[in-house]
Amino acid sequence: GENVEQHPSTLSVQEGDSAVIKCTYSDSASNYFPWYKQELGKRPQLIIDIRSNVGEKKDQRIAVTLNKTAKHFSLHITETQPEDSAVYFCAASTASSASKIIFGSGTRLSIRP
Amino acid sequence: DAMVIQNPRYQVTQFGKPVTLSCSQTLNHNVMYWYQQKSSQAPKLLFHYYDKDFNNEADTPDNFQSRRPNTSFCFLDIRSPGLGDAAMYLCATSRDRAADEQFFGPGTRLTVL
Numbered sequence: 003g004e005n006v007e008q009h010p011s012t013l014s015v016q017e018g019d020s021a022v023i024k025c026t027y028s029d030s031a032s033n034y035f036p037w038y039k040q041e042l043g044k045r046p047q048l049i050i051d052i053r054s055n056v057g058e059k060k061d062q063r064i065a066v067t068l069n070k071t072a073k074h075f076s077l078h079i080t081e082t083q084p085e086d087s088a089v090y091f092c093a094a095s096t097a098s099s100a101s102k103i104i105f106g107s108g109t110r111l112s113i114r115p
Numbered sequence: 020d021a022m023v024i025q026n027p028r029y030q031v032t033q034f035g036k037p038v039t040l041s042c043s044q045t046l047n048h049n050v051m052y053w054y055q056q057k058s059s060q061a062p063k064l065l066f067h068y069y070d071k072d073f074n075n076e077a078d079t080p081d082n083f084q085s086r087r088p089n090t091s092f093c094f095l096d097i098r099s100p101g102l103g104d105a106a107m108y109l110c111a112t113s114r115d116r117a118a119d120e121q122f123f124g125p126g127t128r129l130t131v132l
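Chains as they are written, first to last, in our numbering: chain A, 3 to 115; chain B, 20 to 132.
Since the hints were made in silico from the structure, they are not lab data.
Heads up, the beta-carbon is just placed ideally off N, CA and C, and yes, glycines get one too.
A few of these clues could be false.
[Unchecked claim] Label pairs and their computed distance ranges (CB to CB):
(1) A:Asp19 to B:Asp81: 30 to 38 Å
(2) A:Asp19 to B:Pro80: 20 to 28 Å
(3) B:Ser91 to A:Ala72: 39 to 47 Å
[As the list claims (entries may be wrong)] Straight line, CA to CA, 20 Å or less: simulated EDC-like cross-link-like pairs of lysine to aspartate or glutamate:
(4) B:Lys63 to A:Glu81
(5) B:Lys71 to B:Asp96
(6) A:Lys44 to A:Asp86
(7) A:Lys70 to A:Glu4
(8) A:Lys24 to A:Glu7
(9) A:Lys60 to B:Asp96
(10) A:Lys59 to A:Glu17
(11) A:Lys44 to A:Glu81
(12) A:Lys59 to B:Asp96
(13) A:Lys44 to B:Glu120
(14) A:Lys44 to A:Glu4
(15) A:Lys73 to A:Glu17
(16) A:Lys73 to A:Glu41
(17) B:Lys57 to B:Asp72
(18) A:Lys59 to A:Asp86
(19) B:Lys71 to B:Asp104
(20) B:Lys63 to B:Asp78
(21) B:Lys36 to B:Glu120
(22) B:Lys57 to B:Asp70
(23) A:Lys60 to B:Glu120
(24) B:Lys63 to A:Glu85
(25) B:Lys57 to B:Asp119
(26) B:Lys57 to A:Glu41
(27) B:Lys36 to B:Asp96
(28) A:Lys70 to A:Glu58
(29) A:Lys70 to A:Asp29
(30) B:Lys63 to A:Glu41
(31) A:Lys24 to A:Glu81
(32) A:Lys60 to A:Asp86
(33) B:Lys57 to A:Glu81
(34) B:Lys36 to B:Glu76
(35) B:Lys63 to A:Glu4
(36) A:Lys59 to B:Glu76
[To be verified] With the C-beta cut set under 10 Å, the calculated list includes, among others, these residues of chain A facing chain B:
(37) Tyr38
(38) Lys60
(39) Asp86
(40) Ser87
Using the sequences plus the hints, can you model the full thing?
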């Protein structure tokens, strides 16, 4: 089955700097890659997703890149702000896994003022 | 507003005393999920329903059961809660396929005394 690995587990960056979180997946049939942000005590919320037919997607300060050959995808946050502090989870799904997604282990991002 | 609702938000039970958590949705989504999330970990899928079809994860203990009486409601029954079952339980929905965004409810935090 699918396995998703996520690095780093913790990340601390200076406010205004960029943050990058990386994930790798094992199933070459995976075709959908969402990223979720979870603030302390709150529900996970989708912040951006990408499908296997594109290599990059951007939404304001957030971008995701996908390298299907290498089976990895990354989240990029530019001009970080204090409200970006949270745990971020990558995930992947395949057509063969029916309705479920496989989560990475999470990255705790802290923004230093 | 269309949303995923979980009740109660906080549940305290005694060791071995059955407990039921509920989830409802106004999104009219076909798929409903139950996740268990422990501190600093990724959500762990327990099971999901695609419409009326129940899909259990291989490593979900028999102690956990679920019911989906109609499209809008889904229940998680823990027959004999142990101390290790203390966690946040998240309900989520998606429109149809895994490649659709999952919408999470606010969660129910379960404490086992």
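Each hint tested on the structure:
1. A:Asp19 to B:Asp81: 30 to 38 Å: Distance hint for Asp19 (chain A), Asp81 (chain B) is violated at roughly 48 Å.
2. A:Asp19 to B:Pro80: 20 to 28 Å: violated, 43 Å
3. B:Ser91 to A:Ala72: 39 to 47 Å: Holds: the Cβ-Cβ distance is about 42 Å, inside 39 to 47 Å.
4. B:Lys63 to A:Glu81: Violated: Lys63 (chain B) and Glu81 (chain A) sit about 32 Å apart, past 20 Å.
5. B:Lys71 to B:Asp96: holds, 17 Å
6. A:Lys44 to A:Asp86: holds, 14 Å
7. A:Lys70 to A:Glu4: Holds: Lys70 (chain A) and Glu4 (chain A) sit about 14 Å apart, inside 20 Å.
8. A:Lys24 to A:Glu7: holds, 8 Å
9. A:Lys60 to B:Asp96: The hint is violated at about 41 Å.
10. A:Lys59 to A:Glu17: violated, 23 Å
11. A:Lys44 to A:Glu81: Not OK: Lys44 (chain A) and Glu81 (chain A) at ~24 Å, beyond 20 Å, violated.
12. A:Lys59 to B:Asp96: Violated. Lys59 (chain A) to Asp96 (chain B) sits at ~40 Å, over the 20 Å cutoff.
13. A:Lys44 to B:Glu120: holds, 17 Å
14. A:Lys44 to A:Glu4: Roughly 27 Å between the alpha carbons, so the hint for Lys44 (chain A) and Glu4 (chain A) is violated.
15. A:Lys73 to A:Glu17: Roughly 30 Å separates the two Cα atoms, so the pair is violated.
16. A:Lys73 to A:Glu41: Status violated; Cα separation ~28 Å.
17. B:Lys57 to B:Asp72: violated, 27 Å
18. A:Lys59 to A:Asp86: holds, 19 Å
19. B:Lys71 to B:Asp104: Judged against 20 Å, a Cα distance of about 26 Å means the pair is violated.
20. B:Lys63 to B:Asp78: holds, 10 Å
21. B:Lys36 to B:Glu120: Since the Cα atoms of Lys36 (chain B) and Glu120 (chain B) sit roughly 35 Å apart, the hinted pair is violated (cutoff 20 Å).
22. B:Lys57 to B:Asp70: Roughly 27 Å between the alpha carbons, so the hint for Lys57 (chain B) and Asp70 (chain B) is violated.
23. A:Lys60 to B:Glu120: Answer holds: Lys60 (chain A) to Glu120 (chain B) is near 17 Å, not above 20 Å.
24. B:Lys63 to A:Glu85: Distance ~26 Å between Lys63 (chain B) and Glu85 (chain A) Cα, so the pair is violated.
25. B:Lys57 to B:Asp119: violated, 25 Å
26. B:Lys57 to A:Glu41: holds, 14 Å
27. B:Lys36 to B:Asp96: Holds, at roughly 11 Å.
28. A:Lys70 to A:Glu58: Answer holds: Lys70 (chain A) to Glu58 (chain A) is near 11 Å, not above 20 Å.
29. A:Lys70 to A:Asp29: With Cα atoms ~10 Å apart, Lys70 (chain A) and Asp29 (chain A) stay inside 20 Å; holds.
30. B:Lys63 to A:Glu41: Distance ~17 Å between Lys63 (chain B) and Glu41 (chain A) Cα, so the pair holds.
31. A:Lys24 to A:Glu81: holds, 18 Å
32. A:Lys60 to A:Asp86: This hinted pair holds, its Cα atoms lying about 16 Å apart.
33. B:Lys57 to A:Glu81: Distance ~31 Å between Lys57 (chain B) and Glu81 (chain A) Cα, so the pair is violated.
34. B:Lys36 to B:Glu76: violated, 24 Å
35. B:Lys63 to A:Glu4: Holds, because 14 Å separates the two Cα atoms, which is no more than 20 Å.
36. A:Lys59 to B:Glu76: violated, 32 Å
37. Tyr38: Because about 8 Å separates Tyr38 (chain A) from the closest Cβ in chain B, which is inside the 10 Å limit, the hint holds.
38. Lys60: Nearest chain B Cβ about 18 Å off; hint violated.
39. Asp86: This interface hint is violated because 18 Å lies over the 10 Å limit.
40. Ser87: Constraint on Ser87 (chain A) not satisfied, violated at 15 Å.
Comparing the model with each numbered hint stated earlier shows that hints 1, 2, 4, 9, 10, 11, 12, 14, 15, 16, 17, 19, 21, 22, 24, 25, 33, 34, 36, 38, 39 and 40 do not hold.
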